[in-house]
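Number of protein chains: 2
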Amino acid sequence: MRILIDGMGGDNAPQEIVKGAVEAAATIDEEIVILGDEEAIRKELKKNKYKGDRITVVPTTEVITMHDAPVKAIRQKKDSSMVRGLSMLKDGTGDLFISAGNTGALIVGARLLLGRIRGIDRPALASVYPDMKTMNPCLLVDAGASSESKAQNLLEYGLMGSIYVEKVWDRENPRVGLVNLGEEESKGTSMTKDAYHRLKNSGLNFIGNVEGRDVPKGVCDVIVCDGFVGNVILKLTEGVAMSIFKLVKASIMENFKTKIGGVFLKSQLTKMKSDFDYEEYGAAPVLGVNGPVMKMHGSSTATAVKSAVIRGIPYAKEGVVDIIRQEMLNVELEEEDYE
Amino acid sequence: MRILIDGMGGDNAPQEIVKGAVEAAATIDEEIVILGDEEAIRKELKKNKYKGDRITVVPTTEVITMHDAPVKAIRQKKDSSMVRGLSMLKDGTGDLFISAGNTGALIVGARLLLGRIRGIDRPALASVYPDMKTMNPCLLVDAGASSESKAQNLLEYGLMGSIYVEKVWDRENPRVGLVNLGEEESKGTSMTKDAYHRLKNSGLNFIGNVEGRDVPKGVCDVIVCDGFVGNVILKLTEGVAMSIFKLVKASIMENFKTKIGGVFLKSQLTKMKSDFDYEEYGAAPVLGVNGPVMKMHGSSTATAVKSAVIRGIPYAKEGVVDIIRQEMLNVELEEEDYE
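Protein chains in written order, with this note's numbering: chain A, 1 to 339; chain B, 1 to 339.
It is worth saying that the hints were derived from the structure and are not from the lab.
Incorrect hints may appear among the rest.
Copies of the same chain look alike in the list, so a pair counts if it works inside one copy or between any two.
[Said to hold, decoys possible] Taking lysine-lysine pairs in the DSS-like style, the calculated list, with each CA pair at most 27 angstroms apart, reads:
#1 K72 with K193
#2 K259 with K46
#3 K133 with K257
#4 K259 with K217
#5 K271 with K72
#6 K259 with K246
#7 K72 with K187
#8 K43 with K78
#9 K257 with K273
#10 K200 with K133
#11 K249 with K259
#12 K200 with K187
#13 K150 with K273
What you are looking at is a predicted structure, and each value in this text was computed from that prediction instead of being measured.
Sequences and hints are given; from them, build the entire structure.
In C-alpha cells, the structure reads:
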C-alpha cells in the first residue's frame with residue numbers, strides 16, 4: 001500500500017509534515033510518498049535523519065494556499081501537490097491521500113478529480129468530535145462540505161459515517177444520531193423531520209434525535225447534521241472549551257493560595273486539555289468520493305501527521321469506498337423494487 | 001406599574017415563584033400580581049411572612065403543563081394562569097407578564113392573545129447568552145420560537161434585539177452579529193447571505209458574521225441566528241460547559257494531592273461556575289408581540305424569579321414594545337419611499 005501525503009498543505013508544511021511522515025514510517029510497513037517542493041522536502045528528510053527507502057518524493061512546482069478560491073485553484077494549479085496527489089489516487093499509483101491544505105480545495109478537488117460515488121448526491125467532510133464523557137470520539141458528518149443539505153443528504157451522511165466508523169474505528173453497529181431541537185420525532189424543521197424518517201427506515205442503528213446538550217456526551221458514534229450546523233457545532237465547542245480553560249487558568253493565577261492549588265492540579269489539568277486535542281485522533285475523511293481522501297487540521301504538527309497516517313490506513317485497507325459504493329447500489333436496487 | 005407573574009409555571013411553582021416575588025417586592029415599588037391557585041399562593045405568601053399590600057393574587061383554576069400542546073392549551077385552558085396573565089396584559093390591567101411555564105405555549109399565547117407587532121413576520125424568543133470573556137452576557141435571538149427563519153426574520157431579530165439591549169440593558173449602540181460559517185460576506189447559505197445584506201443596510205451597528213468559536217467571546221451584544229441554530233448553540237454551550245466542569249471535578253477527586261489542590265481552588269471554581277449561572281441574568285424577552293412578555297427558565301429558583309422581576313421592569317417602563325412598533329412603521333415608510 002502506498003500513502004500519498006500533501007507535503008505543502010497546512011501552516012507547518014513541509015517541516016511538520018515530513019517529520020510526521022518519518023515518525024510514521026518508523027512504525028508502519030507501508031510506502032509513503034510526499035508530494036511537493038523536492039528540495040525543501042529532501043532537506044527536511046535529512047534534518048530528520050531519514051535513511052530508509054520507504055519514503056519517496058514526487059516533485060511538484062505549485063502550491064494551493066489557504067487563500068486560493070477552491071474551484072479556480074484545482075482547475076489552474078495542475079502541478080500542485082494537491083492536484084497531483086488526487087490524480088495519483090485516481091490512477092491507482094497511490095491508495096490514500098492525506099492533506100492539511102485548503103479544505104474547500106480538497107473537497108472540490110476530490111469531487112472533480114475522483115468523482116462522486118454513484119448514488120451519492122453530495123460528498124461530505126467528516127470531523128472527529130471529542131466526546132467529553134466516555135472520551136471515545138465520535139464522527140460528525142457533515143462538518144461543512146455543503147452549507148445547504150437536503151434530507152436525502154443527511155441519510156447519506158449517516159450511511160457513510162456508519163460504514164467508516166465500523167471499518168476504520170472498528171466499532172460494531174455504530175449508533176447514528178440526528179442533531180435536532182428536541183428528542184421527539186415531531187421536532188425540528190421539515191428537512192430534519194424528513195431526514196428522521198429516512199434514517200429510521202434505513203436499516204442503520206439510528207438512535208433518533210440528539211439535542212445540542214447531548215452532543216458532547218457520547219450518546220452516539222455518528223452525529224448527522226447539515227454542514228452549517230456541523231460547522232457551528234465544531235467551532236462553538238472549541239470556543240466554549242478554550243474559553244473555560246482560560247477561565248480556569250485565570251482562577252489559578254488569581255492569588256498565592258490558588259497558585260498553590262494549581263501546582264497540585266497541574267498534571268491533571270494538562271492531561272484534561274490534551275484529551276480535547278484533536279492531534280491524537282488523526283485526520284477526518286472526505287466521504288462519498290471515489291477514493292480515500294483525508295483532511296488534517298491546518299495547524300497539524302508532526303504528532304498529528306503521524307496519527308493521521310497510521311490511523312488513515314484502514315480507510316484504504318478495509319475498502320471503505322467500495323463498501324459505500326456497494327451499499328449505494330443496494331439502495332438503488334431497493335428503490336427499483338418499490339417502483 | 002403592575003407586574004404580572006404566572007404563579008403556576010415551571011418546575012418549582014408556586015413555592016419558588018412566590019418566594020422570589022416576595023424578595024423582589026422588598027426592593028422595588030411596583031405592584032406585583034401573582035396568578036394561580038389562590039390557596040396555594042396565599043399559603044406560600046404566609047410561609048414567606050409577606051405582610052405588605054403590593055402583592056395581590058388573581059385566582060385561576062387551570063394550569064398549562066410542560067406536556068400540553070401549545071395551541072390547544074392556549075385555546076382550551078382559558079382560566080389558566082398563563083392565558084389570564086396574557087389577557088390582563090392585553091387589556092391594560094397589567095404592564096409586564098413573566099412566566100416560567102411551557103415555552104411553546106407562552107410564545108403561541110403571546111402571538112394569539114396580544115398579536116404580532118405590525119410589520120413583524122415572526123415573534124422571537126430571545127435568550128441571555130453567557131459571555132465567557134468579558135462576563136457581560138449578550139442577547140441571542142432567536143432561541144427557538146421558529147425553526148425555519150427567512151432572511152427578513154433575521155433582520156427583525158437584529159432590530160428587536162438591538163432595541164431591547166439598548167433600552168433594557170442600557171448599552172449604547174449595541175453591536176449586532178450574524179452567526180455564520182465564516183467571517184467573509186460571501187460565506188453561508190443563500191438565506192444567511194441575504195440576511196447579511198439586509199443587516200448591513202439596516203442602520204444597525206452590524207459587525208458582520210460571527211463564527212461559532214467567537215460566539216462565547218463577547219464580540220457582540222446581539223447574536224442573530226435562526227431558531228434551529230439558536231437552540232443548538234444554547235444547548236451545546238450548556239452541554240460542553242457542564243461536561244468540562246465534570247471533568248475538572250473528576251480531576252480534583254483523582255488522588256490525595258489533587259484533592260488538596262481542589263481545596264485551595266474551591267472558592268474560585270465555585271465562583272466561575274456561578275458566572276455561567278443564568279439565574280442572575282433575569283428572564284429573556286419574547287420579542288415582536290404587542291406587550292412585554294418574559295420567559296424564565298423552567299427550573300427557576302426564587303433568586304432567578306427575583307432577578308427576572310427586577311430586571312424585567314425596563315422592558316415595560318422604557319416602552320420597548322412601542323419603540324419596536326414605531327421602528328417597524330419607519331421601515332414600512334422607507335419601503336414605500338422606494339416604491
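To see whether the hints hold, each was checked on the structure:
no.: 1; hint: K72 with K193; result: between (37 angstroms within a copy, 22 angstroms between copies)
no.: 2; hint: K259 with K46; result: neither (44 angstroms within a copy, 48 angstroms between copies)
no.: 3; hint: K133 with K257; result: between (30 angstroms within a copy, 23 angstroms between copies)
no.: 4; hint: K259 with K217; result: between (31 angstroms within a copy, 25 angstroms between copies)
no.: 5; hint: K271 with K72; result: neither (43 angstroms within a copy, 52 angstroms between copies)
no.: 6; hint: K259 with K246; result: both (15 angstroms within a copy, 21 angstroms between copies)
no.: 7; hint: K72 with K187; result: between (40 angstroms within a copy, 17 angstroms between copies)
no.: 8; hint: K43 with K78; result: within (24 angstroms within a copy, 80 angstroms between copies)
no.: 9; hint: K257 with K273; result: both (23 angstroms within a copy, 19 angstroms between copies)
no.: 10; hint: K200 with K133; result: within (26 angstroms within a copy, 41 angstroms between copies)
no.: 11; hint: K249 with K259; result: both (10 angstroms within a copy, 17 angstroms between copies)
no.: 12; hint: K200 with K187; result: within (14 angstroms within a copy, 32 angstroms between copies)
no.: 13; hint: K150 with K273; result: neither (36 angstroms within a copy, 39 angstroms between copies)
Hint check: violations occur at hints 2, 5, 13; the rest are consistent with the structure.
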